[in-house]
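Engineer: Could you build the full structure based on these sequences and the hints that come with them?
Heads up: the sequence lines are chains A and B, in that order. Each residue of the first sequence is one higher than the last, beginning at 78 in my numbering. Each residue of the second sequence is one higher than the last, beginning at 78 in my numbering.
Simulated from the structure, these hints should not be mistaken for laboratory data. One thing to keep in mind: the hints can contain errors.
Note that the list lumps identical chains together, so a pair holds whenever it fits in one copy or between two copies.
Stated by the list, open to error - Calculated cross-link-like contacts (lysine to aspartate or glutamate; reagent style DMTMM-like; alpha-carbon spacing at most 25 Å):
no., residue 1, residue 2
1, K207, D465
2, K486, E104
3, K208, E468
4, K313, E232
5, K423, E446
6, K423, D166
7, K125, D462
8, K207, D141
9, K486, D451
10, K125, E480
11, K208, D465
12, K207, E101
13, K381, E480
14, K208, D264
15, K423, E178
16, K321, E299
17, K208, D269
18, K423, E169
19, K208, D141
Every value quoted in this text rests on a predicted model; they were computed, and no experiment measured them.
Number of protein chains: 2
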Amino acid sequence: MLAVLHASQLVTLAGPARARSGPELTELGIISDGGLLVENGRISRIGKSDEIAGLCRPQTEVIDAGGCVVMPGFVDAHTHFVFAGDRLDDFEARARGESYEQIARRGGGIRSTVAATRAVSEEELLVQAKKRAGWMLQNGTTTAEAKSGYGLTIEDELKILRVIRRIGAETPLQTVATFLGAHAIPDEFRHDSASYVSQIIEQMLPRVAREELAEYCDVFCEHGYFDIDQTRHVLKAAKQHGFKLRMHVDQLTNGGGARLAAELNAATADHLEQTDADGIAALATSQVQPVLLPGSVYALGAKKYPNARTMIDAGLAVILATDFNPGSSPTAAMPMIISLAVTQMKMSPAEAISATTINAAASLNRATEIGSLDPGKRANFLICDCRDYRELAYWFGFSLVREVFVAGKQVTNFAG
Amino acid sequence: MLAVLHASQLVTLAGPARARSGPELTELGIISDGGLLVENGRISRIGKSDEIAGLCRPQTEVIDAGGCVVMPGFVDAHTHFVFAGDRLDDFEARARGESYEQIARRGGGIRSTVAATRAVSEEELLVQAKKRAGWMLQNGTTTAEAKSGYGLTIEDELKILRVIRRIGAETPLQTVATFLGAHAIPDEFRHDSASYVSQIIEQMLPRVAREELAEYCDVFCEHGYFDIDQTRHVLKAAKQHGFKLRMHVDQLTNGGGARLAAELNAATADHLEQTDADGIAALATSQVQPVLLPGSVYALGAKKYPNARTMIDAGLAVILATDFNPGSSPTAAMPMIISLAVTQMKMSPAEAISATTINAAASLNRATEIGSLDPGKRANFLICDCRDYRELAYWFGFSLVREVFVAGKQVTNFAG
Numbered sequence: 078m079l080a081v082l083h084a085s086q087l088v089t090l091a092g093p094a095r096a097r098s099g100p101e102l103t104e105l106g107i108i109s110d111g112g113l114l115v116e117n118g119r120i121s122r123i124g125k126s127d128e129i130a131g132l133c134r135p136q137t138e139v140i141d142a143g144g145c146v147v148m149p150g151f152v153d154a155h156t157h158f159v160f161a162g163d164r165l166d167d168f169e170a171r172a173r174g175e176s177y178e179q180i181a182r183r184g185g186g187i188r189s190t191v192a193a194t195r196a197v198s199e200e201e202l203l204v205q206a207k208k209r210a211g212w213m214l215q216n217g218t219t220t221a222e223a224k225s226g227y228g229l230t231i232e233d234e235l236k237i238l239r240v241i242r243r244i245g246a247e248t249p250l251q252t253v254a255t256f257l258g259a260h261a262i263p264d265e266f267r268h269d270s271a272s273y274v275s276q277i278i279e280q281m282l283p284r285v286a287r288e289e290l291a292e293y294c295d296v297f298c299e300h301g302y303f304d305i306d307q308t309r310h311v312l313k314a315a316k317q318h319g320f321k322l323r324m325h326v327d328q329l330t331n332g333g334g335a336r337l338a339a340e341l342n343a344a345t346a347d348h349l350e351q352t353d354a355d356g357i358a359a360l361a362t363s364q365v366q367p368v369l370l371p372g373s374v375y376a377l378g379a380k381k382y383p384n385a386r387t388m389i390d391a392g393l394a395v396i397l398a399t400d401f402n403p404g405s406s407p408t409a410a411m412p413m414i415i416s417l418a419v420t421q422m423k424m425s426p427a428e429a430i431s432a433t434t435i436n437a438a439a440s441l442n443r444a445t446e447i448g449s450l451d452p453g454k455r456a457n458f459l460i461c462d463c464r465d466y467r468e469l470a471y472w473f474g475f476s477l478v479r480e481v482f483v484a485g486k487q488v489t490n491f492a493g
Numbered sequence: 078m079l080a081v082l083h084a085s086q087l088v089t090l091a092g093p094a095r096a097r098s099g100p101e102l103t104e105l106g107i108i109s110d111g112g113l114l115v116e117n118g119r120i121s122r123i124g125k126s127d128e129i130a131g132l133c134r135p136q137t138e139v140i141d142a143g144g145c146v147v148m149p150g151f152v153d154a155h156t157h158f159v160f161a162g163d164r165l166d167d168f169e170a171r172a173r174g175e176s177y178e179q180i181a182r183r184g185g186g187i188r189s190t191v192a193a194t195r196a197v198s199e200e201e202l203l204v205q206a207k208k209r210a211g212w213m214l215q216n217g218t219t220t221a222e223a224k225s226g227y228g229l230t231i232e233d234e235l236k237i238l239r240v241i242r243r244i245g246a247e248t249p250l251q252t253v254a255t256f257l258g259a260h261a262i263p264d265e266f267r268h269d270s271a272s273y274v275s276q277i278i279e280q281m282l283p284r285v286a287r288e289e290l291a292e293y294c295d296v297f298c299e300h301g302y303f304d305i306d307q308t309r310h311v312l313k314a315a316k317q318h319g320f321k322l323r324m325h326v327d328q329l330t331n332g333g334g335a336r337l338a339a340e341l342n343a344a345t346a347d348h349l350e351q352t353d354a355d356g357i358a359a360l361a362t363s364q365v366q367p368v369l370l371p372g373s374v375y376a377l378g379a380k381k382y383p384n385a386r387t388m389i390d391a392g393l394a395v396i397l398a399t400d401f402n403p404g405s406s407p408t409a410a411m412p413m414i415i416s417l418a419v420t421q422m423k424m425s426p427a428e429a430i431s432a433t434t435i436n437a438a439a440s441l442n443r444a445t446e447i448g449s450l451d452p453g454k455r456a457n458f459l460i461c462d463c464r465d466y467r468e469l470a471y472w473f474g475f476s477l478v479r480e481v482f483v484a485g486k487q488v489t490n491f492a493g
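Structural biologist: This is the structure:
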């Protein structure tokens, strides 16, 4: 049994095990001088410190969180952290003024990461991914969705999905896998995207489903990648195999992706930088959760952030995620995403906390397991070096997360 | 004797002990599989690992930096990290859409931090500042300039300057103090700024000089703060007392501050978001170093970053700094500033490294002591969790700094 006592703020997010929207987004269920009790890896009680202290037995391990915020571990609902290599050369080129699209046209971008990822063994890919899993944990992420999409052949996609599963099994970071075979048209199909789409539908989807390597299927619906019809085609097939859907839509251009997400009842529509009012209304009608990824706007030096305020006003249960990837968002740090949301997108600190915990958990179909400190849930929580949760949004560029607990056990090895 | 071996890149910045400009900014003096030797707290040799290994004696402590970048500690040339309280309420108000100026007018902003700082004892102020010094060290800053300016009475300004000195004496963070009595017009002089300027000149400057509590004098030259004539008046008096000059200019409006910095031969002109071509030309003529502070542009949600490329093209020896302060730039993290410089201001990663090490050291008159890994300098260096120095700019929102050494000793206690 483990007790945490004297948190200056115990940020519980206690409440219904579902996504929150509207004014609920700011209801963090804060208990001052709060404490919690952990039994068998799960939270058994939350309350005032004196109440929790009264439940402790002589052998209970007690952690004094005085002067600290204690909160649920972050749930990062959109990442591509399993890849090989880096994109440092692309990065320098962007500093010299080249655009993401220009770099992609001359063979940089996703394609260069595909080449690097194909070239490594599963073991080498695992080594690289474990290091990044350590970075995520260190910055407070205890559950991460992770996508394939840098393989683009059956075997390479399966290799990535196996690594995602092994990260979940071999490190404290819980993973939820998404199959993203439709991330880009691979070079060998450059002039025949239809054949690649057929390969995804006829060969990849059945295999991934049979091996139970992913819960979600995603498509990069964008000019030059997969158009609306191809996207619909892939995702309808995915549904028939039992996958739930996440979608990359309206990042660089407004191609009607948000409306398609609504039509298909996707769990999430992600990016949405270019989505218009009609798209937002469509998402609201179908209760699709928007996943906002300000890290990629920042890192690309773009100015147009997704319109979070309009989405919140429309009643959408917004999520914030890192988009951790080597090209457009090389960050493992949810606190940085919270800073971006508040300073660049005018979300409140409280909204940003809900968007990175309970709402993200709900989008991954895990709201009964994680995302809040409700009794019965996994004891995934953070002890942060600040007295007020708003400081997590206020101080930027470094992490206030000091201790990370997963299923009640402190994570001590972040090296992977 | 201490040896560090097998750095994937030893980023030495070896070369002349002066500010670098133009193409020199990208000459980082990188030694692959590099090593260094420390004797009596100073660097005695740098070179290839095998060469350094050959100089080790049996009792030499050897650190294997395999797979890591080793580089000089960051020098943060513009901070206001000694203050009491925080500005969380202002921060939330900005997220709701209020401007920095609106918040200042209704009593928030600098004035609220002045009230909080006046209200605490020197000891309490020291406790708060030590925590932040720990954050800076943890993110790789080994020397920080620090300004007064939240006291605005003689005794409170002296209190802050004593805390700055004590941070340097009682923690591993080396400090360089700047007197910034002219940071804002205090409430009690709201309708009589001339009298406050007189008090600075006649009472504060002589006292700070006599007690040797600061090396530099600074003025916030801005509409609503101190105008050009008042600024000139204060700084000319400061010069007569032997202070060197730093200046806050052209942050919110272009008031001709850069030209005044040139006229007065200031060491630095800081901010410069609104500086025009004439101002840049004036700085170049007088060899004033520009201190660029992208953290405050970011945190205020503004869009106009200082024009680094034009300044570099004009031959200026640019510096990047955090502007660590509770209102407009709540960050302790130089890696975040490097990320901002590269992604938002189109500086190259190499330029950003020079701007945060040797150039910053030169602006503080310490280029013979710190800012590079040249033999003879203090052994202030970092071991970073990456193979390529460009990764320090690439990954963002968290720090790759793993171990920090000051005068050859590893910093182990960041808690203050």
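Engineer: Which of the listed hints are broken here?
Structural biologist: 2, 5, 12, 13, 14 and 17
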